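Student: Chain B: place on chain A using the hints.
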Amino acid sequence: MTPVVQVVAATKAFGANAVLAGIDLAVAEHEAVVLIGASGSGKSTLLRCIDLLEEIDDGDILLDGEVISDPAVNVDAVRRRIGMVFQQFNLFPHLDVLTNITLAPTRVHGTPRAAAEARARELLARFGLAGREREYPDRLSGGQQQRVAIIRALATDPRVLLLDEVTSALDPELVGEVLDLIGELKGDGMTMVIATHEMAFAREVADEICFLHQGAIIESGQPSTLLDDPKAEETRRFLQRIHSKR
Amino acid sequence: MGAAPDRQEVRRQARRSRARRDRATASAATLIVVAALVLAVVLAPGWPSVRQSFLSWDDLRRAFPDILTGFWLDVRMFLATEPIVLVLGLTIALVRVTRAPVLFPVRAAAIAFTDVFRGVPTILVIFGVGFGVPALGFSWLTNDEVILGCTALTLSYSAYVAEVFRAGIVSVHPSQRAGARALGLTAGQTTRFVVLPQAIRRVVPPLLNDFISLQKDVALVSILGPVEAYRQAQIYGSEYFNYTPLLGAAALYLCVTIPLTRITDRLQDRQLARRSTGGAA
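Protein sequence lines, in the order shown, are assigned to chains A and B. When we follow this note's numbering, the leftmost residue of the first sequence carries the number 1, and every step to the right adds one. When we follow this note's numbering, the leftmost residue of the second sequence carries the number 247, and every step to the right adds one.
Chain A on its own, in the form it takes in the complex (with noise of 0.2 angstroms):
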């Protein structure tokens, strides 16, 4: 079967500094792939080049089969079937939940308003948040903010979902609720590309972790095996010094 997201020898650099060294990557249907590894090891890097945010220097990024690194191809409308949160949520505050959430459906994929609307709302009622339609982002807790940035990704109906540290900008007590949520969309079967340092919450949800070191994915396996049993040096130290901050 043909990978949703496969990323082949893919290179990137800022000047003389390589930010990903070669990155093989592949992320089948319905699979949640975590990458994990130190800051600066490339994981959001890789996730925004994925989404066309960066552009790769050597290598090639394909989407359902189809190379869409490729200097010719629509970036546009690659990304309409890519969705992305971010560790800052980038929401519009100048538009209230709601519209946040069917700016896109409306504006991009020419949903029409009703639906548009019908669907947001179920989405937030689903996921904790009915009645927050017309509150603006500012009034929200950092874990109700990040919650609606990722309804505002799903509600476009996207390819696979990256999440890029979701969780990192928030207070500990509403981490959870944001990763609760993301369990849940992995039970509806989302395809998946998640950068974290959350190392229990990796165990539940991934069906695969990579660990990045210095823009390479070092090694990647099952997450009982490669968080129980790191074969190379560098996860294990990395691995050590999660746990010691604990």
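I should point out that these hints are in silico values taken from the structure, not numbers from a laboratory. For clarity, every value in this text was computed on a predicted model and none was experimentally measured. Treat the hints with caution; some may be incorrect.
Across the chosen pairs, the derived CB separations fall in these ranges [claimed, not checked]:
| # | chain 1 | residue 1 | chain 2 | residue 2 | range |
| --- | --- | --- | --- | --- | --- |
| 1 | B | S421 | A | E184 | 22 to 28 angstroms |
| 2 | A | R126 | B | R264 | 52 to 58 angstroms |
| 3 | A | A13 | B | A413 | 29 to 35 angstroms |
Note that beta-carbon positions come from the ideal geometry of N, C-alpha and C, so glycine has one too.
Tutor: Here is chain B on its own, set in the frame of chain A:
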């Protein structure tokens, strides 16, 4: 909790008496300063003649209807110029922030436009347009001084307002653009639905500042001949050797600019308050 209300009452009284003392001090200080200023003016050696030529109630009454008519022209010039300034300014700002290579010549023109018209004194622009354009002798071009004057003001102020808009656009954080593009919005849709609404909200106070400035600068058009409030007062002054009408004209400008200033202050305060409460996360 028996003692608590007493202590609260004591504190409240202390606060009240401190407030009363502060008010008394402020009033006394103001009174002393104003009295000193008035005395200084009244005791000045030239005061009798100043009083005669600048504070003559009769002259003011005689000239006021004409000055008011002239001021109405000022207001109309302002009302005609401001909307065009806003549209032109926004257009220039948008051209300057686009990165499309096709638009390079337009972008260069926009930069040249803002550089030139922001760099030249407004009064020179008015001179240039007001006397230069008719000299070209095109029969299809207007010779109306009011229209020419307003055109010059439009050029000058559009350059300022374009920079205000551009500052607003640039101040919207790049993550907003990334958020919009990630949803599949095109560059144009991102600007229209995400960047511009936030940018414009942010620059309302500085824009109002330029409004106030323009409402005064319409008087400069008088160098081309139109008799607006300032010019009318000046004519009256040289006819009757009395300058009270100039003070009358000044008062009329203040009637418009002070309310505008207060609105600007209020908006600015509101924005500051919003920024300090919201957007913490």
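Student: Each hint should be assessed against the structure and marked as holding or not.
Tutor: Hints versus structure:
As the Cβ distance of B:S421 to A:E184 is approximately 26 angstroms, the hint placing it in 22 to 28 angstroms holds. Taken as a hint, the range 52 to 58 angstroms holds for the pair A:R126 and B:R264, whose Cβ atoms sit roughly 56 angstroms apart. Between A:A13 and B:A413, the C-beta spacing of about 33 angstroms keeps the proposed range 29 to 35 angstroms intact.
Every hint from the earlier list agrees with this structure, and none is contradicted.
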